[in-house]
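J.: Respectively, the protein sequence lines represent chains A and B. Everything in the first sequence is counted per this note's numbering, starting at 1482 for the first residue and increasing by one. Everything in the second sequence is counted per this note's numbering, starting at 2 for the first residue and increasing by one.
If you're looking for bench data, these hints aren't it; they were derived computationally from the structure. Careful: at least some of the hints might be erroneous.
BS3-like, lysine-lysine: derived pairs with alpha carbons at most 27 Å apart [unchecked claim]:
1. K2125/A - K2097/A
2. K2005/A - K2027/A
3. K29/B - K1770/A
4. K2212/A - K1969/A
5. K2015/A - K1505/A
6. K29/B - K1568/A
7. K2212/A - K2100/A
8. K2097/A - K2276/A
9. K28/B - K1568/A
10. K1572/A - K28/B
11. K1770/A - K28/B
12. K1572/A - K29/B
13. K1811/A - K1798/A
14. K1811/A - K28/B
15. K2027/A - K2084/A
16. K28/B - K1874/A
17. K2081/A - K2027/A
18. K28/B - K1969/A
19. K1715/A - K2219/A
20. K1715/A - K28/B
As the structure is a prediction and not an experimental result, all values here were calculated from the model.
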Amino acid sequence: MSDPLFVQTENHCHHCGDKITNEKVVENEHIFCCRGCATVFDLLDQKDLCEYYEFDPKAGVSPGEIQRDKFNYLRDEKIQSRLLQYKNERKAIVNFQIPQMHCVSCVWLLERLYRFNPAIQNSRVNFQSKELQVQYDPSIVDLSEVVFLLSSLGYEPYLSLASEKSKGIKSINRKLWLQIGIAGFAFGNIMLLSIPEYFDPFQQLPETFTNSFGFISFLLSLPVLFFADLDYFKSAIAGLRKGAINLDVPLSLGMASLFLYSSYEVFFIGGLGYFDSFSGLVFFLLLGKAFQNKTINRFSFDRDYRSFFPLYAIKIKNGVKESVPLDSLKEGDRIIIQHNGLIPADGYLLKGEGMIDYSFVTGESLPESKQLGEIIYAGGRQISTNIEVELKKTVSTSYLTNLWNNELFQKPKEPLNQLNDQAGRYFTFGVVGLALLGFFFWLPDLSAAIKVFASVLIIACPCALALSAPFAFGNGLRILSRAGFYLKNTSVIEALSRIDHVIFDKTGTLTSVEDYDIHYEGRKLSNLEEAQIKSICGQSHHPLSKGISEYLIAEELPIIDFAETPGKGISAIQREDGFKIGNWEWVGSNEPEPGVFISKNDKVIGRFLIEGHIRKRVKEMIYNLSGQYGLSICSGDTKASWKKWLEFMPSGSKVLFECNPDEKAEEVLNERSHGKRVCMIGDGLNDGLALKTSDVGLAFTDKKDSLTPSSDGVLSFRAFQNLDAILDFSKGCSTVVKISFGISILYNLIGLYFALTGILSPVIAAILMPLSSLSIVLFTTGATSILSRRFHLSKLF
Amino acid sequence: MEIIFTLIGISVFLAVIFLGAFIWSVKKGQYDDPYTPGIRILFEDKKKPKDNK
Chain A
1482 MSDPLFVQTE NHCHHCGDKI TNEKVVENEH IFCCRGCATV FDLLDQKDLC EYYEFDPKAG
1542 VSPGEIQRDK FNYLRDEKIQ SRLLQYKNER KAIVNFQIPQ MHCVSCVWLL ERLYRFNPAI
1602 QNSRVNFQSK ELQVQYDPSI VDLSEVVFLL SSLGYEPYLS LASEKSKGIK SINRKLWLQI
1662 GIAGFAFGNI MLLSIPEYFD PFQQLPETFT NSFGFISFLL SLPVLFFADL DYFKSAIAGL
1722 RKGAINLDVP LSLGMASLFL YSSYEVFFIG GLGYFDSFSG LVFFLLLGKA FQNKTINRFS
1782 FDRDYRSFFP LYAIKIKNGV KESVPLDSLK EGDRIIIQHN GLIPADGYLL KGEGMIDYSF
1842 VTGESLPESK QLGEIIYAGG RQISTNIEVE LKKTVSTSYL TNLWNNELFQ KPKEPLNQLN
1902 DQAGRYFTFG VVGLALLGFF FWLPDLSAAI KVFASVLIIA CPCALALSAP FAFGNGLRIL
1962 SRAGFYLKNT SVIEALSRID HVIFDKTGTL TSVEDYDIHY EGRKLSNLEE AQIKSICGQS
2022 HHPLSKGISE YLIAEELPII DFAETPGKGI SAIQREDGFK IGNWEWVGSN EPEPGVFISK
2082 NDKVIGRFLI EGHIRKRVKE MIYNLSGQYG LSICSGDTKA SWKKWLEFMP SGSKVLFECN
2142 PDEKAEEVLN ERSHGKRVCM IGDGLNDGLA LKTSDVGLAF TDKKDSLTPS SDGVLSFRAF
2202 QNLDAILDFS KGCSTVVKIS FGISILYNLI GLYFALTGIL SPVIAAILMP LSSLSIVLFT
2262 TGATSILSRR FHLSKLF
Chain B
2 MEIIFTLIGI SVFLAVIFLG AFIWSVKKGQ YDDPYTPGIR ILFEDKKKPK DNK
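All chains, full assembly: derive it from the sequences and hints.
T.: Rendered as structure tokens:
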């Protein structure tokens, strides 16, 4: 199964298959890119599990550094009870989300956890939803050890309070399968019983045949009426109660008249009725629903802020550390935030060096330093060493939580499925009108009038119409997910096709967070000075210093008297030259300007401007969008590069900087109040609110396993680059639906001719209905596939 | 011609058995994950692990 093009060469890690850039680790005749990878290989080798590498040579996931005590908090009963699905003395079942799962090897290894620890009785993977269910014996092995084992193999589970996935989806899917099975069963068997009558235009069959066949058909269609088609009736009634007519109303009308008229025919006139068309109709409709319902399990679209928070906090009480669940924290509690830990609630900094990265909340890409006693807001990430914080508020009353629950931003989105509902409205009035017209036209002859009335409702039952949107958008959803754009459901395509304004977040979306563009302004630096600056910056752990140190290419020189003042800058002496590197205040400049300033012997000589690298093809994409859409940028960053972005964007676009999460959401509301339909694209929790307030909120991610805020869809990098094509494609899909509405109405007109002239027979219905449905299915899926080629989406597969 | 009723009875009875099997399989969760079993079937245990009883 291994890919012949990918050969394990000297330069690739034996475990993860990455190119080795730094020093290599040699062990057991294999080379590895890091200690972590070598350790995993060791583990697998000991247990004789090296087949892992045979399925996919790039299978391995580098585990990074994992400390054994990292998962100690999982020993806590209260925390365990939230995560475990089931527990008795000898058996516990837990479901993990494993975002790193990516290939066949992963499945193979994760289902063989029992080889590492016999107390793990069973482990089972659901690859599509990236879930792992583990069953273990809690009297022998603890949950924390199971998680540690997974993490040391490179599959650290994603644990959070909100990670309990709803069981609801599963039962809905099962119900749909049952409905399809039952409708299909009835359809097939009734069809079989109806065939004699199809070939008997002169009604020569003995009466016992038609009577008994009709009766059996009636029995067979009962479960269809009382189970399979119930959801359509429910939805129609719910719609009517709200005073709206949706597409399910004419469908229900059609189904009801099919069933009632057929029963009337079977019991009072003698005939087979239209039970074949009835069960067939329900069967096709349910198939359409299943096609549309394909959900993208890989992403969770309903995350709120809690999903981003850790499961626990380390509380200090009388000098003793203790892991406690987050919601048991109270005001005045003292907690420890570890390196890279997230701050769960607002509080004061008590001890330690606060260097807080708020990019999560505000989008500001540079970390802020905090002095003792300063307020630290929830959602920040401590990137320096451990700090101690005294809580001012609880998790649920903190700024971030309040913001999230603010009612101002709970503005309802536009109703879904507008195309379908509009069609349903016109259709219902048209059909009921025509049926009444036919009824009165034939009136003196009551039985003929009833037949015409029922025939119109039967033949006009908008089966093909109802299949248009599910198949067009369902296929669109599949095409888009292959192109790297994962939608919450099919109605997002429809909503996208109506968008006329696009708002971008800057940091992390238009620009990359990992690649910096560094650019120097000021007096030209000599080679010696470059080496001096590089050496001094190399001593600091601040991300900006590191960046500058990597940017300058020179030899490292020894330095003395290195000192770092958090939040200001660094100073050091190299060969009798005193250097100060830091913000404008630190070096003694008079003008407040952005950038990292350099002063040599108390004279400012220049500054480094550092900003995220603009992603590839972004400019072209924005230029293409500017013709059809209004554009805005809402960034949480400082105004430093505001001018540059104003020039970067096409004229007429709005460029807003220094926006808080709520200001971003307000901007979205502002555009919406001007009648615009807004699509917001952002990447972090700081955009979460704006995503929620917009008509279509899309989360951007460039990693396979990253957390995305709650959204209507997830854009990968390759899809984001081609946003212009994707928006065009969604417009195309809506047009396809409209055209196929036209086609299905054409079929209805043909049917209506038979109905109104009173010559409709079960055979005609049995031919027309599947024929119209089939042509709609072929047309919509074909047309959307052609569209994907036309807009070059198929290149992205 | 009456034999046709017997035949229909048998065929519907058989179909009901299959429908029952289908309902059972859905309730057992066989349709919950349509993807992973396809991967799983490709694995083979070449050699029995040494520590296996």
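J.: Compare the structure with each hint and give your call.
T.: The hints, checked one at a time:
1. The hinted pair formed by K2125/A and K2097/A meets the criterion: a straight-line CA distance of about 17 Å does not exceed 27 Å.
2. Of the pairs offered as hints, the one joining K2005/A and K2027/A holds, with about 21 Å between alpha carbons and a cut-off of 27 Å not exceeded.
3. With a CA separation close to 22 Å, the supplied pair K29/B and K1770/A stays within the 27 Å bound.
4. At roughly 18 Å between alpha-carbon atoms, K2212/A and K1969/A fall within 27 Å of each other, so this suggested pair holds.
5. In summary, the hint linking K2015/A to K1505/A is supported, as the alpha carbons are separated by about 25 Å, within the 27 Å threshold.
6. With a C-alpha separation of about 21 Å, the suggested pair K29/B and K1568/A falls inside the 27 Å cut-off, and the hint holds.
7. Straight-line distance between C-alpha atoms of K2212/A and K2100/A comes to about 22 Å, which keeps the hinted pair within the 27 Å bound.
8. For the hint pairing K2097/A with K2276/A, the CA-to-CA distance comes to about 17 Å; that is within 27 Å, so the pair holds.
9. In summary, the hint linking K28/B to K1568/A is supported, as the alpha carbons are separated by about 23 Å, within the 27 Å threshold.
10. This hinted pair checks out: K1572/A and K28/B have alpha carbons roughly 23 Å apart, not beyond 27 Å.
11. For the given pair, K1770/A sits about 20 Å from K28/B by alpha-carbon distance, which is consistent with the 27 Å threshold.
12. For the given pair, K1572/A sits about 21 Å from K29/B by alpha-carbon distance, which is consistent with the 27 Å threshold.
13. The hinted pair formed by K1811/A and K1798/A meets the criterion: a straight-line CA distance of about 12 Å does not exceed 27 Å.
14. Annotation: proposed proximity of K1811/A to K28/B is violated, straight-line Cα distance about 45 Å (limit 27 Å).
15. Our distance criterion of 27 Å between C-alpha atoms is met by K2027/A and K2084/A, whose separation comes to about 23 Å.
16. Distance hint between K28/B and K1874/A is unfulfilled; the C-alpha atoms sit about 47 Å from each other, more than 27 Å.
17. For the suggested pair K2081/A and K2027/A, the alpha carbons sit about 19 Å apart, so the restraint of at most 27 Å is met.
18. About 26 Å separates the Cα atoms of K28/B and K1969/A, which keeps this hinted pair within 27 Å; it holds.
19. Distance check on the hinted pair: K1715/A and K2219/A sit about 26 Å apart at the alpha-carbon level, within 27 Å; holds.
20. Under the criterion of a C-alpha separation no larger than 27 Å, the hint pairing K1715/A with K28/B is consistent with the structure, at around 23 Å.
The structure fails hints 14, 16 (numbered hints given earlier, in ascending order).
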